[in-house]
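Student: For reference, the chains in residue letters:
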Amino acid sequence: MYKKLKDITGTKEANVIQRASDNAFIPKDEDNTDYQEYLEWVAEGNAPEEAE
Amino acid sequence: MAAIKLKGDTSGEVTIQAPSVAGTNTLELQATSGTLATTAQASIGMKNRIINGNMAINQRGSGALENGFLVDRFSIGSSQASKGSATVQTADVPTKFTSALKYTSSTAYSVLATDYFFVTQKIEGNNIADLNWGTADAQTITLSFWVKSSLTGTFGGALRNSAFNYNYPYTYTISSADTWEKKSVTITGATSGTWLTTNGTGIDVWFSLGMGTTYSDTAGAWTTTAGLGSATGATSVVGTSGATWLVTGVQLEAGTTATPFENLQYGQQLALCQRYFEPLINDSLNYNGGQLVGSSFNTTRNFINISMKEIKRATPTIVGSGVGGNLFQNGSPKAVTALYVTYPNFYSVGLDLTASVTQGAAFHYDPSATTVITADAEL
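Respectively, the protein sequence lines represent chains A and B. Each residue of the first sequence is one higher than the one before, counting from 1 in our numbering. Each residue of the second sequence is one higher than the one before, counting from 53 in our numbering.
Some clues are possibly wrong.
DEER-style ranges, computed between Cβ atoms [said to hold, decoys possible]:
#1 Thr147/B / Glu50/A: 25 to 35 Å
#2 Ser114/B / Gln36/A: 21 to 31 Å
#3 Ser420/B / Ser21/A: 21 to 31 Å
#4 Met1/A / Gln141/B: 49 to 59 Å
#5 Thr410/B / Met1/A: 32 to 42 Å
#6 Ser202/B / Val42/A: 38 to 48 Å
Calculated directly from the structure, the hints in this document are not laboratory data. Every residue, glycine too, gets a C-beta built ideally from N, C-alpha and C.
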């Protein structure tokens, strides 16, 4: 599971997502292997939790 | 000296070229026996494409692992839980080395067709670009390593591209149990397949500890069979309870000869590793303990920028554990209750710490003894 986050201003979406299993902050960089796994997870039909 | 012998193909010539100047020039060999080798593709600089092949850098300080990174740049993979684990150890190493990776099997497990147990290092594409793989000019490489096992027989592994669709299963033989042996495998360069020369995976080097038939194939040839990790019939370490397999001195170099392991200075090798992983805060190891300064964005969110020691391969994943401690404003501690990350890039990362503070004021952060925050850009 993953969760979207707001940036420090709280007004817009952050450029990282959070992985629930270890609370890791994953940048939206397609060269990052964790983000590649996230994109595969989304491609399988999953959706991240929205930012609070 | 008893004699000078010239051996080899009689159709060629051996030329010893002297400079066109007066004087005497002497080619002096060392008193010890050995082989002085050279190749047309002289290995000057970046001889070893493997990073941390001597297992000396261990920034994570990991304990026994079944999956994940142990020493820097080497990871362990297991398709089944509780069949064995890997550790880094210094007590049992070959001469001239100080660390080795050790895998110990915990059961006598018969691998299923789709099982895999392996040690791997993924070499970044930027570091293999000169090998010209995927073209007619592909260079031959030699993989060498020191290995020791409680088992004897034919062991296996594979070289793979990033898409796992162009692979070369290889074998090596361990002839004496519980004895360090140096092995080398020479592999003709891949003239086909897609081999990244970017910051993605160039060559994925696998050592098998047990591989199902789905991921095994005939050794000694390139194949497009997907996802191979070993050679058919190779010894399964996980197949014997208590079996051990140790490796160090891993080197992948251009050419047909396994030359001596390329020892780098510790700091050089650490820097190479930190392109892929580095600790940002680890109070117990005194990484940025109590020295970070920042300012409070509002009454709860507080911003610190950390410049990383090495530019990362990609924007790293930031992982925090045991995050706590205090922000100090005017000497007054404010308890840190949460961590967020903002604006990460190849060079630096912004930490967004939650604490009740005075907006706009500067602070310094004194993390708790258990606070560990890392940047991970591994392949």
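Student: With reference to the structure, classify each hint as holding or not holding.
Tutor: So, going through the hints one by one against the coordinates:
The hinted range of 25 to 35 Å is not satisfied by Thr147/B and Glu50/A, whose Cβ atoms lie roughly 58 Å apart. In this structure, Ser114/B and Gln36/A meet the distance hint of 21 to 31 Å, their C-beta atoms being roughly 23 Å apart. Take Ser420/B and Ser21/A: their Cβ atoms lie about 22 Å apart, and the range 21 to 31 Å holds. At about 36 Å, the beta-carbon gap between Met1/A and Gln141/B misses the expected band of 49 to 59 Å.
Taking 32 to 42 Å as the suggested C-beta distance range, the pair Thr410/B and Met1/A conforms, at roughly 36 Å. Distance hint for Ser202/B and Val42/A: a CB-CB separation of about 45 Å, consistent with the stated range 38 to 48 Å.
Going down the numbered hints, you'll see the structure goes against 1, 4, while the others check out.
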